[in-house]
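Number of protein chains: 2
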Amino acid sequence: MQFQLNDELIQQIETFIEQKNDKELQLVLEEVHPADIAEIISELDLDEATYIIKLLDSVKTAEALMELEEGVRERILENLSAKEIAEELEEMDTDDAADIIAELSEERQQSVIAEILDEEHADNIVELLRFAEDSAGGLMAKELVKVNENWSVTGCMAEMRAQAEDVTRVHSIYVVDDKNKLKGRLSLKDLITAPSNAHIQDIYIPKVDYVNVHTPAEEVAQIMQKYDLEAIPVVDEMNRLVGRITIDDIVDFIKDEAEKDYQMAAGISEDVEADDSIWRLTRARLPWLVLALFGGFVSVTVLGTFEGAMEKYGELFFFVPLIAAMAGNVGVQSSAIVLQGLANNSLRGTLVKRLLKEVGLSLFNGVVLAIILCLGAYYVLGFPMIFGLTVGISLISVIIIASLIGTFVPIILDKQGIDPAMATGPFITTSNDIFGILIYFSIAKLIFGF
Amino acid sequence: MQFQLNDELIQQIETFIEQKNDKELQLVLEEVHPADIAEIISELDLDEATYIIKLLDSVKTAEALMELEEGVRERILENLSAKEIAEELEEMDTDDAADIIAELSEERQQSVIAEILDEEHADNIVELLRFAEDSAGGLMAKELVKVNENWSVTGCMAEMRAQAEDVTRVHSIYVVDDKNKLKGRLSLKDLITAPSNAHIQDIYIPKVDYVNVHTPAEEVAQIMQKYDLEAIPVVDEMNRLVGRITIDDIVDFIKDEAEKDYQMAAGISEDVEADDSIWRLTRARLPWLVLALFGGFVSVTVLGTFEGAMEKYGELFFFVPLIAAMAGNVGVQSSAIVLQGLANNSLRGTLVKRLLKEVGLSLFNGVVLAIILCLGAYYVLGFPMIFGLTVGISLISVIIIASLIGTFVPIILDKQGIDPAMATGPFITTSNDIFGILIYFSIAKLIFGF
Chain X
-16 MQFQLNDELI QQIETFIEQK NDKELQLVLE EVHPADIAEI ISELDLDEAT
34 YIIKLLDSVK TAEALMELEE GVRERILENL SAKEIAEELE EMDTDDAADI
84 IAELSEERQQ SVIAEILDEE HADNIVELLR FAEDSAGGLM AKELVKVNEN
134 WSVTGCMAEM RAQAEDVTRV HSIYVVDDKN KLKGRLSLKD LITAPSNAHI
184 QDIYIPKVDY VNVHTPAEEV AQIMQKYDLE AIPVVDEMNR LVGRITIDDI
234 VDFIKDEAEK DYQMAAGISE DVEADDSIWR LTRARLPWLV LALFGGFVSV
284 TVLGTFEGAM EKYGELFFFV PLIAAMAGNV GVQSSAIVLQ GLANNSLRGT
334 LVKRLLKEVG LSLFNGVVLA IILCLGAYYV LGFPMIFGLT VGISLISVII
384 IASLIGTFVP IILDKQGIDP AMATGPFITT SNDIFGILIY FSIAKLIFGF
Chain A
-16 MQFQLNDELI QQIETFIEQK NDKELQLVLE EVHPADIAEI ISELDLDEAT
34 YIIKLLDSVK TAEALMELEE GVRERILENL SAKEIAEELE EMDTDDAADI
84 IAELSEERQQ SVIAEILDEE HADNIVELLR FAEDSAGGLM AKELVKVNEN
134 WSVTGCMAEM RAQAEDVTRV HSIYVVDDKN KLKGRLSLKD LITAPSNAHI
184 QDIYIPKVDY VNVHTPAEEV AQIMQKYDLE AIPVVDEMNR LVGRITIDDI
234 VDFIKDEAEK DYQMAAGISE DVEADDSIWR LTRARLPWLV LALFGGFVSV
284 TVLGTFEGAM EKYGELFFFV PLIAAMAGNV GVQSSAIVLQ GLANNSLRGT
334 LVKRLLKEVG LSLFNGVVLA IILCLGAYYV LGFPMIFGLT VGISLISVII
384 IASLIGTFVP IILDKQGIDP AMATGPFITT SNDIFGILIY FSIAKLIFGF
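Quick note, the sequences are listed as chains X and A, same order.
Note that the numbering used here has the first sequence beginning at -16, numbered continuously upward.
Note that the numbering used here has the second sequence beginning at -16, numbered continuously upward.
If you are wondering where the hints come from, they were derived from the structure by calculation, not from laboratory data.
Mixed in with the good hints, there may be bad ones.
Have a look at the derived ranges for each label pair, beta carbon to beta carbon [what the hints assert, rightly or not]:
1) X:E89 / A:G332: 33 to 41 Å
2) A:D254 / X:G287: 40 to 48 Å
3) X:A85 / A:S88: 48 to 56 Å
4) A:G432 / X:I430: 33 to 41 Å
5) X:A85 / A:E(-3): 44 to 52 Å
6) A:E86 / X:A85: 43 to 51 Å
7) A:P178 / X:E142: 14 to 22 Å
8) X:E290 / A:N(-11): 51 to 59 Å
9) A:R266 / X:Q146: 49 to 57 Å
10) A:E1 / X:E142: 51 to 59 Å
Cut-off 16 Å, straight-line C-alpha distance, at most; resulting in silico cross-link-like pairs (EDC-like, lysine to aspartate or glutamate) [stated by the list, open to error]:
11) A:K43 / X:D211
12) A:K209 / X:D19
13) A:K209 / X:E50
14) X:K209 / A:D235
15) X:K336 / A:D259
16) X:K190 / A:E14
17) X:K238 / A:D235
18) X:K243 / X:D117
19) X:K209 / A:D19
20) X:K340 / A:E256
21) X:K238 / A:E240
22) X:K340 / A:D259
This one's a predicted model, so the numbers in the text were calculated from it and none came from an experiment.
Even for Gly, the Cβ is constructed at its ideal location relative to N, Cα and C.
Please build the complete structure, drawing on both the sequences and the hints.
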């Protein structure tokens, strides 16, 4: 049943566009879901994409525009007049419309808003533009269904039907008092099953989860996930109901956050996709590589100070990449576990307790690995036993220190209000490389006395 | 407004449990949401937790049990009798109940199911247990609201009210024919606004997204995200409506998948949390470290073959960690971008085209980094220019090869049906370390002729 994009369809559409065969185009795209139209548009060149957007009904293209990647959408919008953009925005929910307008230049924003015919819609969008993108205010839509606590069930059914026209999906009906303050909620189910002469204040549920316009998006996502909510009302500083956030926006937010953390851990600092330009990909990747390069300079210097060992114990240098790799891997493991604990708000207990646990864990892992190393170095690689022992003892120390750094740094960054995701990936591998090598040669120096 | 867990509350609860002061306990926990009760339980010891579960009403504890981490839940369930578990399951939706039962030993499953009083509920759970965990059948719940296309609006309102009793949230009303085959859907909104003498077949929407019981969970998540669905009906092989999947389960699925990918990239192969036991954490982390250790043995051997260079060009060895680190970082970056493209189903174009793009990108990045390296090695570290040039040229080659490996390996694994997430983290850094060192010394050998 699922729509499958194929080259044949794309070619067909391209031919129709070339022939300006609007009738066939509309026929082909009639039954296609806006999200799929967005996929088709991503495959077309800019002029073709613009042609489709202008041809199809705004009801359909508005949603397709929302589903497009930001880069593609930006270029298409540049090809549209302020009036054409305004027509698309009229068909969007206020939250989506505000997101799109926010992508335009300030000058363009003015002229597009001026072209929106529905004044209330325009007012709502302007209101939403004031909130920070990563706050509840920035996520919420103005569309919602609300009833006054003093209304009767029959009286509010009519009112509700009118309101529901504007709302794509009715999750909950919010109950407010005469001053628009949030009092509680009511499900459609409750309303259907209530006697028609009842009053709202007799049947509504006074307990309702809500957030403030200034609540950070991350907290909104946590609350909605924890309590399995599909929508949450948003109130202003005076506790007045001003909007609602729906779960589909939170799903997008959760995915984006997870991708951002993943990319950060891989040393990619901007949200990029495989199909982005080389320039954009470079901007996201090169800074981390430069950081690693500078870290490399430090390790060159560290190794240089132990040059004296080269003549008699040159083989020690063969184990440098092994030590560095273990330090890096352990550091990444430790930091990843701490980071996920921080993200899920599930880190309990004191820092000291956590560090002690890491020491226990790495001591155990380190001893196992050191034994494998000793035996491997002696029996397989044929090094004298003293080499295996030296590297093994170093390995245990390096693993303990690396895991402590991996645990400690993200927790400290988080306490300082810095994104702890910074402390994983290249940063942690680079610093652990350096510490690892330093520890290794210091211990070797103690043992061999060079 | 949000519940905040604090030590004071935990202590208070522990004291009440010790005093067996059930009345105060119930009073304290009365207004607390089940998800928060789960948080409280996680802080208590096993006996205390069991005490709370046994004390509170199943309506509340059933949901709290669902919210607990699997490890904690497992231990509590071991403390409950089959009958007590069955009582909890009675209060759960079928999908949750099936998930919990699946965690028990097979023997225990039998005795728990036998204790479930509601026979239909038990039948439904048994049916769900047959499906693979990561399929639509494994995700779906049997609870849904459906109406026959031949019913009248008034006739179905009564029937629907009865059905809705069992369903926590009504998303859509599904329309079926006499053979229970899925025909379409109807929103509560439509039903409210329809004239009461209308028939369902006149007002329902014949277009409805659906999945098959065997559709992989990942595909279900993609469909629901793409089309912003809050629930999707599930049909069997005969197109009969057998269940529905709601967005909250998909939110959990998306989060779990993202965490799994993130941990895999960090060299953690099981789903672990910071608070898991040292033994569990070791099982997740040690295998990757052993892999990295074996990789380290290979790099020791590779370096050993270039021992001849040590006497005259020993400084070359100082740059080994720098080269290895760059190779590792570039490989992780490339593989992360490919992996996300694979996960989002957004990788287009041929493999060759993608590899060519990586070559272009890494050539550019490599040249920039090589220039920094040359200048740094000469002016800052004081190496002869020929050293900087040698390491710089090697760096460019290493970066290109590393990014090709990072791009190529996950795509190939994916094509072979192996989880491409395997190809990131320790695996890619270890193999790129080895290739990096090999390339570096081969080039140095060509230039210096040792």
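Each hint, compared with the structure:
1. With their beta carbons about 36 Å apart, X:E89 and A:G332 fall inside the hinted range of 33 to 41 Å.
2. The hinted range of 40 to 48 Å is satisfied by A:D254 and X:G287, whose Cβ atoms lie roughly 43 Å apart.
3. The hint said 48 to 56 Å for the Cβ distance between X:A85 and A:S88, and at roughly 54 Å that hint holds.
4. Taking 33 to 41 Å as the suggested C-beta distance range, the pair A:G432 and X:I430 conforms, at roughly 35 Å.
5. Checking the proposed 44 to 52 Å range against X:A85 and A:E(-3) shows it holds: the Cβ atoms sit about 49 Å from each other.
6. The beta-carbon spacing between A:E86 and X:A85, approximately 45 Å, falls within the hinted interval of 43 to 51 Å.
7. A beta carbon spacing of about 19 Å between A:P178 and X:E142 agrees with the range 14 to 22 Å that was offered as a hint.
8. With their beta carbons about 57 Å apart, X:E290 and A:N(-11) fall inside the hinted range of 51 to 59 Å.
9. In this structure the hint that A:R266 and X:Q146 lie 49 to 57 Å apart at CB holds, the actual value being about 55 Å.
10. One distance hint, 51 to 59 Å for the beta-carbon pair A:E1 and X:E142, holds here, with the actual separation near 54 Å.
11. Of the pairs offered as hints, the one joining A:K43 and X:D211 holds, with about 15 Å between alpha carbons and a cut-off of 16 Å not exceeded.
12. Taking the CA atoms of A:K209 and X:D19, the gap is near 9 Å; set against the 16 Å cutoff, the hint holds.
13. Among the hinted pairs, A:K209 with X:E50 is consistent with the structure: their alpha-carbon atoms are about 8 Å apart, no more than 16 Å.
14. With a C-alpha separation of about 10 Å, the suggested pair X:K209 and A:D235 falls inside the 16 Å cut-off, and the hint holds.
15. As the CA atoms of X:K336 and A:D259 are separated by approximately 13 Å, the hinted pair is consistent with the 16 Å bound.
16. A distance of roughly 10 Å separates the Cα atoms of X:K190 and A:E14; the hinted pair therefore holds under the 16 Å criterion.
17. A C-alpha spacing of about 11 Å is found between X:K238 and A:D235, which places the hinted pair at or below 16 Å, so the restraint holds.
18. Of the pairs offered as hints, the one joining X:K243 and X:D117 holds, with about 14 Å between alpha carbons and a cut-off of 16 Å not exceeded.
19. Note on X:K209 and A:D19: the hinted pairing holds, with a Cα-Cα distance of about 9 Å set against a maximum of 16 Å.
20. Our distance criterion of 16 Å between C-alpha atoms is met by X:K340 and A:E256, whose separation comes to about 13 Å.
21. Between X:K238 and A:E240 the alpha-carbon distance is near 10 Å, which keeps this suggested pair within the 16 Å criterion.
22. This hinted pair checks out: X:K340 and A:D259 have alpha carbons roughly 10 Å apart, not beyond 16 Å.
Of the numbered hints stated above, none is contradicted by the structure.
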